[in-house]
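Chains as they are written, first to last, in my numbering: chain B, 63 to 524; chain L, 930 to 1414.
Since the hints were derived computationally from the structure, they do not count as laboratory data. Warning: the hint list may mix true and false statements.
Heads up, simulated SDA-like pairs for lysine to any residue below, C-alpha to C-alpha not over 25 Å straight-line [to be verified]:
#	chain 1	residue 1	chain 2	residue 2
1	L	Lys1213	B	Arg465
2	B	Lys123	L	Leu1111
3	B	Lys335	L	Ser1120
4	L	Lys1388	B	Ala308
5	B	Lys335	L	Ser1355
6	B	Lys123	L	Asp1117
7	L	Lys1388	B	Glu375
8	L	Lys1213	B	Gly495
9	L	Lys1213	B	Lys125
10	L	Lys1388	B	Arg398
11	L	Lys1213	B	Lys335
12	L	Lys1380	B	Arg465
13	B	Lys494	L	Lys1213
14	L	Lys1388	B	Phe372
15	B	Lys125	L	Ser1120
16	L	Lys1213	B	Leu503
17	L	Lys1281	B	Thr242
18	L	Lys1388	B	Lys152
19	L	Lys1388	B	Arg371
20	L	Lys1236	B	Leu503
21	B	Lys125	L	Asn1109
22	B	Lys123	L	Ala1082
23	L	Lys1213	B	Pro477
24	L	Lys1388	B	Gly357
25	L	Lys1236	L	Met1323
26	L	Lys1388	B	Pro477
27	L	Lys1380	B	Arg398
28	B	Lys123	L	Ile1083
29	B	Lys125	L	Val1403
30	B	Lys184	B	Phe372
31	L	Lys1380	B	Trp326
32	L	Lys1380	B	Lys125
33	B	Lys123	B	Ala308
34	L	Lys1388	B	Glu162
35	B	Lys335	L	Thr1369
36	B	Lys125	L	Glu1080
37	L	Lys1301	B	Ala505
38	B	Lys152	L	Pro1386
39	B	Lys125	L	Met1323
None of these values were measured; they are calculated from a predicted model.
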Amino acid sequence: MKPFPTCLAPLLFGALLLLGAPTPPAHAADLQSAILKVQRDAQTALVNIQPVTETFNRGEKRKRSSVGSGFLVDYDGNIVTNYHVAGRAKRVMVTLFNKERVEAELVGEDPSTDLAVIRIPKELVTEYGMKPLSFGDSESLEVGEFVMALGSPLALARTMTFGVVSNKDRYLPEGMSLPTGERTGDFNTWIQTDAAINPGNSGGPLINLTGQVIGVNARGAMFADNIGFAIPAATATAVSRDLIDAGEVKRSWAGISFQSLQDWEALFGMDTKTGVLVASVEPGGPAQMAGLQAGDIVLTYGGETITARFDEELPGIYQLIASTPIGAKVPLTVLRRDGEIDVTLEPIETGKLSGDEFEASEWGFTVRGITDQMVFSLELESGEGVLVEGVRTGGPAARGRLRRGQVVVSIADEPITDLAGFEARYEELAAKGEDILLHVLEAERQRYVLVRRAETAPEGTR
Amino acid sequence: MKRALLLLAALALLIPAAADAKPKKKRGKGQTATEFYDAARLTLATVNFSQEFVAGGSPQQTTSATDGVVISPDGLVLISGTVRFPQSGPGRLRGGSLPELSSFRLHFSDGRQHEAEVVTFDTDLNLGLLRITDGDPEKPFEHVSFGDDFEPAIGSGLRSMTLYTQEYGREPVYSPVSINSLLSTPQDVWSLSGAGLNMLGAPLWSGAGKVVGVVAQVPMSPGGGRQVMPQLSGPVGLSYGRFAEWLSGAVEQAQAVAEVVEEEPEEAGWLGIEFQALERPLAKHLGISEGGGIFVTRVIPGSPAAKGGLEPLDILVTFDGERIAVNQNSDLNKFIEKVRAGKPGAVVRFGKESRGDGAVEEVAITLMNSPKTELQADRREDDRFDITVREITMDALLGQRLDPETAGVIVDGVTRAGWAGLAGLSRGMIIQRINEHDVTDLDSFSEGVDKVLEERPDKVLFFVRFRRDTRFFVAEPDWTELDEP
């Protein structure tokens, strides 16, 4: 394969794309030159990201630094990476291909897909001659295609590893959560690769032989060799576009979880093989309001037939609901034991998965604001109060036996409704150095907790 | 003297906060290696156990071993939960394939052997707590005590100990290790030099003789999710600060279970409240008269206390005219015993004190008989599906935060390789339907099973609830097994 004049390359890559899998090189030497070409074309887009984030989980605010990867996607300086790399970052430093270190700003983040976009000044893109990478078509991938992972494994910047697509629609089960607690991964299947992916590769591109990004490297399997996972380009394209345009991804939420249908067809005596099984509906959520029940089979959504016979098809169903315009009334046809019924589902806006954090350092604990999604996921009675995120060992709150996961609903007999209210009350009282009475909820229990500022002798010694 | 020391150590364990309350860094005078060896060896045991799991769709059983260390005089044992990791990549990714652990046997270096059972595991920390079930109450166990006054630094020396295998007489092996990196991700984890994979679960002692961490294999978190993440190769040190909160909760849990096991009476007075000791600083702050009391944290709907008008946060100071002399949680037993000694149907009177003004209001409550607990529940076994279920008891409903009207039966035990086990059913799940047959209690469960045994469908559908979630599980019975002689 001869080197292309650079101005023609994008067009030609586009043409290849339409044909499906890239044409394989005829000889090993061709493969070598293809890999080298990808590396040369991609190298200026690759960045090493060093975010400083804050954690609150031990009852105090701590700074945390880590290393991840990212890649330039346009001439405006936008860089795609993982949420678990740059999300919630206080400061993001980026090392470019030419080893220059610059500061980047956070453009937007999306924990649900574990993606984030940061931006470097666009003048630098021109000045250093950086060439953005473009996304390829992850839908038409084939197992066995050669791929390269670029990034900073174990902080070893500008590392390339090589392998194949091991599986193109790997389903990882529900319920995965990020270190920061948000649920993630519901909306896509994953590209599995044996190109080595290690900590620090996160956010880096998975590139095919035509130089296009087909996935964003995000995970590796524990106790395994070369089982890595990338978020497909289809997901990354849509999410990064929303983040760049609007700074956020808005989704609709129905409070429903599904199971695939395969095993149930016989039981329900179904003669068609379409639909998806409702496994659970969130009490008080839109699906329950619409009258849906566990055991229902949803046959159509907004007039379209939907099907998940296999687990791999479930993320598509969740994505379909998520992409429903907020406030829309969606007609559903549902198969129940006694026949077909019609219901109308009104998904609501998902909103933030989790609230902001605050350190009440004088009292020795940290709290998090409660969002609507947290009310559901943590089975809280309401959104009133603030959630205890961590309690500092040996601190004033620990002496009063405050526990992580409790909800503070009043401070010194004044009700606290939200994080702003908590912060205001804290600022008012913290400097006084007095013991503070908290009223806390813990599931169905209510407790008093006395935040003991004054050094008092241990129990039983007086 | 020795008793007093044991007690102190136990206190330090229960109140991890205590050590930190002193602002000055306390340095013990330090132990020699020999002193350390002599003190530590009796606290350490090899823990053998068997584990059943499903890998690649087929059930497997293996036996395995890890290190455990005794942490209390009554025989609580901390082990590395690494043993609880699923055994294969695909199994892990599919979820739900954590091994079922059983038959724990502890071997000490002096030849003692004990049986133990699981109190709890934490999959984030990869730690577990066991309880020795055949200890002698007259002979407290030698045990370690924890300290969090250790300030880790690069190069800090720690001591560890593990036991050789049976072939080498289970002799203790002393290993000096040192901290070679303080990781920020995950926090409070140290990378160690001198620690091998054979030392998983072994404690790390400071020079002052306190356990300040354990050797563990901890998932690195930059990869994201709890389920799938890259691994830091080799063992690391998990600092006590990282797991202190979990451990104190686990110890409380162990003690709560121990109390339940001891009570067996047919009839016992029941109020239907949960409560906490009114500790002195709190009492003083609330303006409650001196002398002790309890405060109500929860009132169970429909219970005697609810009917009597008690509410959460009520403060009770007298019981049938006598002061409730409870000033700390360890005093609670006296109060509990007195309630339980009451006859169902008897009227008891509490003095409820309001905050600040000292006014005491009398509340009369008619006791009911204590509801059945999980341990007293009736059970039913089915050896075709290899499952044992029990009736739903109030403690289970409260534990899963379910509506009191919730119907069904609770999975009490299941053989991994049995029909129900392969379907994915596991302990604690509430079965509410078998195929089209509603399951409300043990009898309707048996009817449902009988019905499918008669019809022999290819697939048997279980509709199951756990907490607020529901899910379907499918069993694919091999009916030919029933026709075998």
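Structure-based check of each hint:
no., hint, result
1, L:Lys1213 <-> B:Arg465, "holds, 22 Å"
2, B:Lys123 <-> L:Leu1111, "holds, 18 Å"
3, B:Lys335 <-> L:Ser1120, "violated, 53 Å"
4, L:Lys1388 <-> B:Ala308, "violated, 49 Å"
5, B:Lys335 <-> L:Ser1355, "violated, 30 Å"
6, B:Lys123 <-> L:Asp1117, "holds, 14 Å"
7, L:Lys1388 <-> B:Glu375, "holds, 22 Å"
8, L:Lys1213 <-> B:Gly495, "holds, 17 Å"
9, L:Lys1213 <-> B:Lys125, "violated, 38 Å"
10, L:Lys1388 <-> B:Arg398, "holds, 19 Å"
11, L:Lys1213 <-> B:Lys335, "violated, 68 Å"
12, L:Lys1380 <-> B:Arg465, "violated, 48 Å"
13, B:Lys494 <-> L:Lys1213, "holds, 18 Å"
14, L:Lys1388 <-> B:Phe372, "holds, 17 Å"
15, B:Lys125 <-> L:Ser1120, "holds, 19 Å"
16, L:Lys1213 <-> B:Leu503, "holds, 22 Å"
17, L:Lys1281 <-> B:Thr242, "violated, 43 Å"
18, L:Lys1388 <-> B:Lys152, "violated, 54 Å"
19, L:Lys1388 <-> B:Arg371, "holds, 16 Å"
20, L:Lys1236 <-> B:Leu503, "holds, 22 Å"
21, B:Lys125 <-> L:Asn1109, "holds, 21 Å"
22, B:Lys123 <-> L:Ala1082, "holds, 20 Å"
23, L:Lys1213 <-> B:Pro477, "holds, 22 Å"
24, L:Lys1388 <-> B:Gly357, "holds, 16 Å"
25, L:Lys1236 <-> L:Met1323, "holds, 17 Å"
26, L:Lys1388 <-> B:Pro477, "violated, 54 Å"
27, L:Lys1380 <-> B:Arg398, "holds, 22 Å"
28, B:Lys123 <-> L:Ile1083, "holds, 23 Å"
29, B:Lys125 <-> L:Val1403, "violated, 47 Å"
30, B:Lys184 <-> B:Phe372, "violated, 45 Å"
31, L:Lys1380 <-> B:Trp326, "holds, 18 Å"
32, L:Lys1380 <-> B:Lys125, "violated, 61 Å"
33, B:Lys123 <-> B:Ala308, "violated, 29 Å"
34, L:Lys1388 <-> B:Glu162, "violated, 62 Å"
35, B:Lys335 <-> L:Thr1369, "violated, 32 Å"
36, B:Lys125 <-> L:Glu1080, "holds, 18 Å"
37, L:Lys1301 <-> B:Ala505, "holds, 22 Å"
38, B:Lys152 <-> L:Pro1386, "violated, 59 Å"
39, B:Lys125 <-> L:Met1323, "violated, 44 Å"
The structure shown violates the earlier hints numbered 3, 4, 5, 9, 11, 12, 17, 18, 26, 29, 30, 32, 33, 34, 35, 38 and 39.
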